[in-house]
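So the sequence shown is numbered by our numbering: it starts at 1 and just counts up by one.
Treat the hints as calculated values from the structure; they're not laboratory data. We put the beta carbon where it would ideally sit given N, CA and C, even for glycine. Please note: incorrect hints may appear among the correct ones.
[What the hints assert, rightly or not] Listed below are the simulated SDA-like cross-link pairs for lysine to any residue, each with C-alpha atoms no more than 20 Å apart in a straight line: (1) K254 - K270; (2) K281 - Q76; (3) K271 - A249; (4) K271 - D106; (5) K270 - L114; (6) K254 - N97; (7) K254 - S198; (8) K219 - R233; (9) K270 - G251; (10) K270 - R280; (11) K219 - Q179; (12) K128 - L114; (13) K213 - P226; (14) K254 - Q179; (15) K128 - Q76; (16) K128 - Y139; (17) K271 - Q109; (18) K128 - G113; (19) K271 - G113; (20) K213 - R233; (21) K128 - K254; (22) K128 - E53; (23) K281 - F247; (24) K128 - K219.
[Unchecked claim] Estimated spans, in silico, between C-beta atoms of each pair: (25) K213 - F47: 12 to 22 Å; (26) Q289 - Q109: 18 to 28 Å; (27) P253 - Y81: 25 to 35 Å; (28) R280 - Y81: 37 to 47 Å.
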Amino acid sequence: MSNEARLHRQHQRWWRRTLRSVGLAVGISMVLLTGMAMFFGDRFIFFPSRANEEWDRARRLTGAEEVTFAAADGAQLVSWYLRATSARATVLFFHGNAGNLSHRTDILQTLAGLDADVFIVGYHGYGKSAGEPSEAGLYLDADAAYAYLTEQRGVSPSRLVIFGESLGGGPAIDLASRQPCAGLIVQSAFTSISDMASHTLPFFPTGWLIQSKFDNLAKIPRIGIPKLFFATRTDEVVPYRQTRRLFDAAGEPKTWVEFDGCGHNDLFWKKRREWAAAVRKFLDDVAPQR
């Protein structure tokens, strides 16, 4: 065998070994990442915190009443009811994926200052509520909260405004697509968990590995009541374009309000005056003072 042929054969063997090694490494990485996604699942979505010493201080600061009611699966949900001095509506508020009720005192007080009672829902596994958070759990939370307000508190659906912030857009949109209400407010919500997963890890197919769907884009066209959408162009968590897609897919009547120079978590803080003015106008339209 000539030296040239020998070198060619050695070169082929080297490439085969290299490709096998690369293939093995890629295969192991895929298995590990798949296993992590399947094992952790909703741990990538929900970041609850339990009630601590700040809980009661924050509740007293807002003057909220702590109420407990049961979801359909039996989990006891601890939520807050904040009364306005002169209420023309009730806002059913679904917060984002982190923290608990005690971290939303300013937004609760601002809403109450707009002449609306506010009911903020304690999700499964958040604050003092029992259970573990999940997509199905949040839908149960929404149904239980709606039933509590309309059946036990006597709130008329014609005076009920549903508000979903970030992850809270999921249960808010789902509930508004199934139950009568006066209006829906959506702030910095995503189109679906699959789209969020693709945005976060664009080169890995995590979307189909995570059980939660939160397919807000499929549900928003079903909602015929007035809708108000908030978004910031500089959102570093939920892409601006996803919230805009929700708005574009929604039917009339709908209102779009966007901000700049603020992020996902400080939109309310930096734009409180403009935010409150937009909410007030929306409430004036859907639940005017009697």
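Hints, verified against the model:
The straight-line distance between the Cα atoms of K254 and K270 is roughly 24 Å, outside the 20 Å bound, and the hint therefore fails. With a C-alpha separation of about 35 Å, the suggested pairing of K281 with Q76 is violated against the 20 Å cut-off. With a C-alpha separation of about 26 Å, the suggested pair K271 and A249 falls outside the 20 Å cut-off, and the hint is violated. Under the criterion of a C-alpha separation no larger than 20 Å, the hint pairing K271 with D106 is consistent with the structure, at around 13 Å.
This hinted pair checks out: K270 and L114 have alpha carbons roughly 18 Å apart, not beyond 20 Å. This hinted pair does not check out: K254 and N97 have alpha carbons roughly 25 Å apart, beyond 20 Å. In summary, the hint linking K254 to S198 is not supported, as the alpha carbons are separated by about 28 Å, beyond the 20 Å threshold. A hinted pair counts as satisfied when its Cα atoms are at most 20 Å apart, and K219 with R233 does not qualify at roughly 23 Å.
For the given pair, K270 sits about 29 Å from G251 by alpha-carbon distance, which is inconsistent with the 20 Å threshold. For the given pair, K270 sits about 17 Å from R280 by alpha-carbon distance, which is consistent with the 20 Å threshold. Using a Cα cut-off of 20 Å, the hinted pair K219 and Q179 holds, with the two alpha carbons roughly 13 Å apart. Between the alpha carbons of K128 and L114 the distance comes to roughly 28 Å, so the proposed pair goes past 20 Å and is violated.
Taken as a hint, the K213 and P226 pair is broken in the structure, with Cα atoms around 25 Å apart against an allowance of 20 Å. As the CA atoms of K254 and Q179 are separated by approximately 18 Å, the hinted pair is consistent with the 20 Å bound. Taking the CA atoms of K128 and Q76, the gap is near 9 Å; set against the 20 Å cutoff, the hint holds. Annotation: proposed proximity of K128 to Y139 holds, straight-line Cα distance about 18 Å (limit 20 Å).
The straight-line distance between the Cα atoms of K271 and Q109 is roughly 15 Å, inside the 20 Å bound, and the hint therefore holds. Distance restraint check for K128 and G113: the Cα-Cα separation of roughly 26 Å exceeds the 20 Å cut-off, and the hinted pair is therefore not satisfied. For the given pair, K271 sits about 16 Å from G113 by alpha-carbon distance, which is consistent with the 20 Å threshold. For the given pair, K213 sits about 24 Å from R233 by alpha-carbon distance, which is inconsistent with the 20 Å threshold.
The straight-line distance between the Cα atoms of K128 and K254 is roughly 35 Å, outside the 20 Å bound, and the hint therefore fails. Restraint check for K128 and E53: satisfied, since their Cα atoms lie roughly 12 Å apart, inside the 20 Å limit. Between K281 and F247, the direct Cα distance comes to roughly 18 Å. Compliance with the 20 Å bound is thereby established for this hinted pair. Restraint check: the Cα-Cα separation between K128 and K219 comes to about 30 Å, which exceeds 20 Å; the hinted pair is violated.
For the hinted restraint 12 to 22 Å between K213 and F47, the CB-CB distance of approximately 19 Å keeps it satisfied. Distance hint check: the CB atoms of Q289 and Q109 are about 20 Å apart, consistent with the given range 18 to 28 Å. Remark: the range hint 25 to 35 Å for P253 to Y81 is upheld by a beta-carbon distance near 29 Å. Between R280 and Y81 the CB atoms are about 21 Å apart, so this pair departs from the stated range of 37 to 47 Å.
The structure shown violates the earlier hints numbered 1, 2, 3, 6, 7, 8, 9, 12, 13, 18, 20, 21, 24 and 28.
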